[in-house]
Amino acid sequence: MGILEVKGVNKRFGGLQALGDVNLSVKENSVHAIIGPNGAGKSTLLNCLVGKLIPDTGSVMFDGQSVLGRAPYEINQMGISRVFQTPEIFGELSVMENMMIPCFAKRDGAFEMNAIGSVLSQKDIIEKAEAMLKDMNMADKRHMNAASLSRGDKRRLEIGMCLSQEPRLLLLDEPTAGMARADTNNTIDLLKQISDERDITIAIIEHDMHVVFSLADRITVLAQGTPLVEDEPQNIRGNPKVREAYLGESG
Amino acid sequence: MLGMNKNDTRMLLLVAALTMLAPFILNPFPTDSGLAQFNAGYPDLMQRFVIFGIFAIGFNILFGLTGYLSFGHAAFLGVGSYSAVWMFKLLAMNVIPAILLSVAMAGIFALLIGYVSLRRSGIYFSILTLAFAQMSFNLAYSVLTPITNGETGLQLNLDDPRILGVSQTADGSIPVTNLFGLEMRSTFEMAVGPWAFQFNAGYYLCALILLAVFYLSIRIFRSPFGLMLKAVKSNQQRMNYTGLNTRPYTLAAFVISGMYAGLAGGLLASMDPLAGAERMQWTASGEVVLMTILGGAGTLIGPVLGAGFIKYFENIFSKINESVLHSWFSILPDGLEDLLVTLVYPFVGKGWHMTLGILFVLVVVFLPGGLVEGGQRIVSWLRSKKSDDKAANGKTEPAE
Numbered sequence: 001m002g003i004l005e006v007k008g009v010n011k012r013f014g015g016l017q018a019l020g021d022v023n024l025s026v027k028e029n030s031v032h033a034i035i036g037p038n039g040a041g042k043s044t045l046l047n048c049l050v051g052k053l054i055p056d057t058g059s060v061m062f063d064g065q066s067v068l069g070r071a072p073y074e075i076n077q078m079g080i081s082r083v084f085q086t087p088e089i090f091g092e093l094s095v096m097e098n099m100m101i102p103c104f105a106k107r108d109g110a111f112e113m114n115a116i117g118s119v120l121s122q123k124d125i126i127e128k129a130e131a132m133l134k135d136m137n138m139a140d141k142r143h144m145n146a147a148s149l150s151r152g153d154k155r156r157l158e159i160g161m162c163l164s165q166e167p168r169l170l171l172l173d174e175p176t177a178g179m180a181r182a183d184t185n186n187t188i189d190l191l192k193q194i195s196d197e198r199d200i201t202i203a204i205i206e207h208d209m210h211v212v213f214s215l216a217d218r219i220t221v222l223a224q225g226t227p228l229v230e231d232e233p234q235n236i237r238g239n240p241k242v243r244e245a246y247l248g249e250s251g
Numbered sequence: 001m002l003g004m005n006k007n008d009t010r011m012l013l014l015v016a017a018l019t020m021l022a023p024f025i026l027n028p029f030p031t032d033s034g035l036a037q038f039n040a041g042y043p044d045l046m047q048r049f050v051i052f053g054i055f056a057i058g059f060n061i062l063f064g065l066t067g068y069l070s071f072g073h074a075a076f077l078g079v080g081s082y083s084a085v086w087m088f089k090l091l092a093m094n095v096i097p098a099i100l101l102s103v104a105m106a107g108i109f110a111l112l113i114g115y116v117s118l119r120r121s122g123i124y125f126s127i128l129t130l131a132f133a134q135m136s137f138n139l140a141y142s143v144l145t146p147i148t149n150g151e152t153g154l155q156l157n158l159d160d161p162r163i164l165g166v167s168q169t170a171d172g173s174i175p176v177t178n179l180f181g182l183e184m185r186s187t188f189e190m191a192v193g194p195w196a197f198q199f200n201a202g203y204y205l206c207a208l209i210l211l212a213v214f215y216l217s218i219r220i221f222r223s224p225f226g227l228m229l230k231a232v233k234s235n236q237q238r239m240n241y242t243g244l245n246t247r248p249y250t251l252a253a254f255v256i257s258g259m260y261a262g263l264a265g266g267l268l269a270s271m272d273p274l275a276g277a278e279r280m281q282w283t284a285s286g287e288v289v290l291m292t293i294l295g296g297a298g299t300l301i302g303p304v305l306g307a308g309f310i311k312y313f314e315n316i317f318s319k320i321n322e323s324v325l326h327s328w329f330s331i332l333p334d335g336l337e338d339l340l341v342t343l344v345y346p347f348v349g350k351g352w353h354m355t356l357g358i359l360f361v362l363v364v365v366f367l368p369g370g371l372v373e374g375g376q377r378i379v380s381w382l383r384s385k386k387s388d389d390k391a392a393n394g395k396t397e398p399a400e
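Protein chains in written order, with full-length UniProt numbering: chain A, 1 to 251; chain B, 1 to 400.
Be careful, since some hints might not be right.
As the list claims (entries may be wrong) - The list that follows gives simulated cross-link-like pairs (lysine-lysine, BS3-like), each with its CA atoms no further than 30 angstroms apart:
{"id": "1", "chain 1": "A", "residue 1": "K128", "chain 2": "B", "residue 2": "K6"}
{"id": "2", "chain 1": "B", "residue 1": "K350", "chain 2": "A", "residue 2": "K123"}
{"id": "3", "chain 1": "B", "residue 1": "K233", "chain 2": "A", "residue 2": "K154"}
{"id": "4", "chain 1": "B", "residue 1": "K350", "chain 2": "A", "residue 2": "K154"}
{"id": "5", "chain 1": "A", "residue 1": "K134", "chain 2": "B", "residue 2": "K233"}
{"id": "6", "chain 1": "B", "residue 1": "K233", "chain 2": "A", "residue 2": "K52"}
{"id": "7", "chain 1": "B", "residue 1": "K230", "chain 2": "A", "residue 2": "K52"}
What the hints assert, rightly or not - Some residues of chain A that are not near chain B, with every Cβ distance over 12 angstroms (derived):
{"id": "8", "residue": "K141"}
{"id": "9", "residue": "S150"}
{"id": "10", "residue": "L171"}
These are computed hints drawn from the structure, not numbers from a lab.
Ideal Cβ placement from N, Cα and C applies to all residues, glycine included.
Chain A on its own, in the form it takes in the complex (with noise of 0.2 angstroms):
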């Protein structure tokens, strides 16, 4: 039994079929990456697992729970959390309240009023965001506004905010896309140290195959919304119908 079940989840839009009888069984503390050439429904089905969308059939069991219906905030809050394509931050805020905002969430659950307490007066919460700033080398850009960091910041300070909700499953949307190459290799140095340092389980959905071939104990190949193989990395890259689907014949 894995952490994260999917099982028989299909989605249609309309008169499209983006996810048909997806299966898929993630291991805990594994990273898996799901990997496919575009419209194979990998964004259809993370959103799926989140909450965004509902599958049509099928169950998503998180930790031996459904996930079906519940809304955003209380996947999240199961342990589940969301590193998106483009970076979702607080713009307008510092990066230290960027960072405290996740830790208050944790500590706190999903509404707190709090209205009179100064947030200076949080030391514990203070304490836990500057750790998590510290061990994303992100130290001394606390004051900074959030908005003005480098897409590679962003993208740390995002991935940062995630973990400092300490989720048992962490899931990644195209982390590196849109990035230079000497910050797609960070970002992989970075996730490589998190899921060998810490008790997480990543799940990835990418493009680069640099990225997927350097990270990932599991692949799950998808293509036109159906799994077409799951296995581990070497096998994938000699499969001839994977190279068929998403390679290409030739590649």
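Following the hints, complete the assembly by docking chain B onto the known chain A.
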């Protein structure tokens, strides 16, 4: 001090000094000088300054922090006024129960309207609040006449029960609003040479309440709750995927700002015990939006400045009529005098809205942060000028 940092303390003290000394500050011109009409230090207007300041501070908690633009906040102001007048009619002329009821009623209304309106965001939210406010206005104007007295407005009568007070005073008139016997209209006049300063009990009550709620808004801005509201404004998607439920946060902000509006409405009625439906009209809702943006949305002191600015214009500029203009330009030759009067006239008197509109456009275009941003620019300009002077005065320091 009081759990605030230095800057916030300084700002609170500044507002305290401004409000407490307002009778002096707003009356800079001797009573019989030609400029006396620019004096704003009379009780009625000073009360309006602080009451609408409270209204705008509350509006800013919703709009400035969460970015949700309500076009219906006047509804809560109106609810507050009606509640207060009913308290004066039924219970007693003391303002405390009236104010408490107006805050509570506005809170309940805000909870209902906010619960529905906050299901949408952006322009749809604004339209929903506008629709609810217009609905409230029309109910007050016609359907609910037994409660609101329709277009005449709700007033006190000689035969009101006032179970804890008297229906009428010994000389057969309607009793006046008071705070445990201190009449709200009682005014102490102080003449210093050619100047006359007025100290009004009602004004000082409003000013003290303004200070209290301004302090509360500072605490809210600096609290974890305030941080969450800023996060809602910045990125709701990230909020949702960070395990935070945005709806109760926005609803709480909506109810708090509705209660501020109710407080302002209750105070209006406490100063002058009548309530009319026009207080709920959309123009009144729009006015508080203007105040907040003009002063600086999202800043602490901006809404107070914006409220003062607009109320000053409304009451002072609107009083400048043609004959006043003629007396100003009377030293000029006749033809020139008439020309100047014709040119200036559309911008004053009944045309004060035009001046306000032009100012509003200028502020939004050149100072998106409102008057507060203007102040900040002046301060930083002065500072850089100061440091330039220092640099010019001898020791040249290497540039950084």
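Against the structure, the hints come out as follows:
Pair hint K128/A plus K6/B holds up; C-alpha atoms about 26 angstroms apart against a cutoff of 30 angstroms. At most 30 angstroms may separate the alpha-carbon atoms for a hinted pair to count; K350/B and K123/A exceed this at roughly 56 angstroms. Taking the CA atoms of K233/B and K154/A, the gap is near 18 angstroms; set against the 30 angstroms cutoff, the hint holds. Straight-line distance between C-alpha atoms of K350/B and K154/A comes to about 53 angstroms, which puts the hinted pair past the 30 angstroms bound.
For the hint linking K134/A to K233/B, the alpha-carbon distance of about 27 angstroms falls within 30 angstroms, and the restraint holds. Between K233/B and K52/A the alpha-carbon distance is near 20 angstroms, which keeps this suggested pair within the 30 angstroms criterion. Between K230/B and K52/A the alpha-carbon distance is near 23 angstroms, which keeps this suggested pair within the 30 angstroms criterion. With a least CB separation of 17 angstroms from chain B, K141/A remains clear of the 12 angstroms interface cut-off, as annotated.
Even its closest Cβ contact with chain B, about 18 angstroms, leaves S150/A beyond 12 angstroms, as expected for a residue assigned away from the interface. Under the 12 angstroms C-beta cut-off, the non-interface status given to L171/A relative to chain B is violated; the minimum distance is some 9 angstroms.
When held up to the earlier numbered hints, the structure conflicts with 2, 4 and 10 and fits the remainder.
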